[in-house]
Amino acid sequence: MIAAENEIAIPARPEAVWEVLLDFERYPSWHPFIELVGDPSLGAKIEYRYTDKMLGMGRLRKMHSFARITALAAPIEFAWRMSMGSFLFRIDESYRLERHPTGTRLAHRVEYRGVVARLWRAGITSRAHVMICETDTALRARFVKRPPPRKRGRR
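In our numbering, the protein residues as written are 19 to 173.
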């Protein structure tokens, strides 16, 4: 198994973060790598679409499969599992939300298992943590208020 974890503080209530995590239709507007399509309910079969630019190669790597929602406890935990064959390749991804003095503490974890994960170990190991950090930063950006742009004028 290869695992990557990240924690981040998000300046919003857990309920607001939860809404974004379960609004699958809007994933393309913030998630840099995946789209989830389907009904966000416990045990539901959903579509999993992954797209990533292959580092240094200038090409897109795409994967389309199905996943199953394995945990859904509002507004605390959301998890899903994408699997290709019993032992070939499996991804377990989870988000845990907790109240935090600044809003929400988000714990994000991804686990890769199977023969393919072992074969791609070097690539997955080097990229997995970077990818979840990029994802969490993009999610956090949905809640960070940006100051209005400064007007340029004559002095």
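I should point out that these hints are in silico values taken from the structure, not numbers from a laboratory.
Quick caveat: nothing in here was measured; it's all calculated off a predicted structure.
Accuracy of the hints is not assured; some may be wrong.
[Claimed, not checked] As a list, the in silico DMTMM-like pairs of lysine to aspartate or glutamate whose alpha-carbon atoms are at most 20 Å apart:
hint	residue 1	residue 2
1	K63	E95
2	K80	E53
3	K80	E43
4	K163	D70
5	K163	E37
6	K80	E95
7	K163	E152
8	K63	E43
9	K80	D70
10	K80	D110
11	K80	E33
12	K80	E65
13	K63	D41
14	K163	D110
15	K63	D110
[To be verified] Label-pair ranges, simulated between beta-carbon atoms:
hint	residue 1	residue 2	range
16	S144	M102	33 to 43 Å
17	R139	R168	45 to 55 Å
18	M102	P29	35 to 45 Å
Idealized CB from N, CA, C, for every residue including glycine.
Hint by hint, here is what the structure shows:
1. With a C-alpha separation of about 17 Å, the suggested pair K63 and E95 falls inside the 20 Å cut-off, and the hint holds.
2. Distance check on the hinted pair: K80 and E53 sit about 11 Å apart at the alpha-carbon level, within 20 Å; holds.
3. Only pairs whose Cα atoms come within 20 Å are accepted, and K80 paired with E43 is accepted, the gap being roughly 19 Å.
4. With a C-alpha separation of about 28 Å, the suggested pair K163 and D70 falls outside the 20 Å cut-off, and the hint is violated.
5. At most 20 Å may separate the alpha-carbon atoms for a hinted pair to count; K163 and E37 meet this at roughly 18 Å.
6. This hinted pair does not check out: K80 and E95 have alpha carbons roughly 27 Å apart, beyond 20 Å.
7. With a CA separation close to 18 Å, the supplied pair K163 and E152 stays within the 20 Å bound.
8. Taking the CA atoms of K63 and E43, the gap is near 15 Å; set against the 20 Å cutoff, the hint holds.
9. For the hint linking K80 to D70, the alpha-carbon distance of about 7 Å falls within 20 Å, and the restraint holds.
10. For the given pair, K80 sits about 18 Å from D110 by alpha-carbon distance, which is consistent with the 20 Å threshold.
11. Taking the CA atoms of K80 and E33, the gap is about 31 Å. The hint is violated against a cut of 20 Å.
12. About 13 Å separates the Cα atoms of K80 and E65, which keeps this hinted pair within 20 Å; it holds.
13. With a CA separation close to 16 Å, the supplied pair K63 and D41 stays within the 20 Å bound.
14. For the hint linking K163 to D110, the alpha-carbon distance of about 31 Å lies beyond 20 Å, and the restraint is violated.
15. With a C-alpha separation of about 14 Å, the suggested pair K63 and D110 falls inside the 20 Å cut-off, and the hint holds.
16. Here the CB-CB span from S144 to M102 is close to 22 Å, at odds with the stated 33 to 43 Å.
17. Checked against the given bound of 45 to 55 Å, the beta carbons of R139 and R168, roughly 48 Å apart, stay inside it.
18. For the pair M102 and P29, the supplied restraint of 35 to 45 Å holds, since their beta-carbon distance comes to about 37 Å.
Taken one by one, the earlier hints fail for this structure at numbers 4, 6, 11, 14, 16, listed in ascending order.
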